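Student: Sequence:
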Amino acid sequence: MSALETFAYDIASTDRADGAVARPADLTVVDHDRDGVAVLSIGGEIDLGTTPELREILVRLAARREDAVVLDLSDVTFLGSAGAVLLLDAASAVAARPMALVATHPAVRRPLDLLGVCSPITVYGDLDEAVASFADDDVLSEVG
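Each residue of the sequence shown is one higher than the last, beginning at 30 in my numbering.
Treat the hints as calculated values from the structure; they're not laboratory data.
Just so you know, these numbers come straight off a predicted model, no measurement behind them.
One or more of the hints may lead you astray.
Claimed, not checked - Label-pair ranges, simulated between beta-carbon atoms: (1) R93 to S121: 15 to 25 Å; (2) S110 to A164: 26 to 36 Å; (3) A164 to D55: 31 to 41 Å; (4) P135 to R93: 26 to 36 Å; (5) P149 to G109: 12 to 22 Å; (6) P81 to A164: 31 to 41 Å; (7) S110 to G65: 28 to 38 Å.
Virtual Cβ for every residue (Gly too), placed ideally from N, Cα, C.
Use the sequences and the hints to build the structure in full.
Tutor: See below:
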């Protein structure tokens with residue numbers, strides 16, 4: 030796996046409405062190819078604090094890639110509503126090409142199910158399965 034881009038940063042601690050201090054959240058994003066499919070592997074928490082940076086990364090990816098896209102959320106430990114909306118927006122932005130999600134953590138899969146993200150976007154439990162879903166030459170040739 031060859032990383033084209035890697036982004037890692039800490040979100041500063043902030044006070045929550047309940048008086049608790051939020052711990053810094055790490056968000057790691059690695060963009061790589063796997064069997065001709067663009068894979069964006071994301072780790073950490075996708076919430077109101079990390080969504081703007083992730084949105085910028087997705088826009089850059091969409092601008093330079095025209096092939097199938099898999100967003101691998103296997104290492105995401107929390108998905109807030111802002112993150113779920115971002116995923117729906119991403120699906121709209123890349124509507125001309127195939128897109129899939131990989132979600133294994135219950136804290137990620139449940140919001141996806143509850144907010145209806147799984148309807149317009151196919152969600153897999155495994156990266157190999159998601160990439161294999163685009164192995165059909167007909168699917169990839171429709172993009173190019």
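Student: Hint by hint, say whether it matches the structure.
Tutor: Cross-check of the supplied hints:
1. The hinted window of 15 to 25 Å between R93 and S121 holds, with their beta carbons roughly 18 Å apart.
2. Taken as a hint, the range 26 to 36 Å holds for the pair S110 and A164, whose Cβ atoms sit roughly 33 Å apart.
3. The beta-carbon spacing between A164 and D55, approximately 32 Å, falls within the hinted interval of 31 to 41 Å.
4. Evaluation of the 26 to 36 Å hint for P135 and R93 yields a pass: the beta carbon distance comes to about 33 Å.
5. Checking the proposed 12 to 22 Å range against P149 and G109 shows it holds: the Cβ atoms sit about 19 Å from each other.
6. Distance hint for P81 and A164: a CB-CB separation of about 34 Å, consistent with the stated range 31 to 41 Å.
7. Between S110 and G65, the C-beta spacing of about 33 Å keeps the proposed range 28 to 38 Å intact.
The structure is consistent with each of the numbered hints, conforming to all of them.
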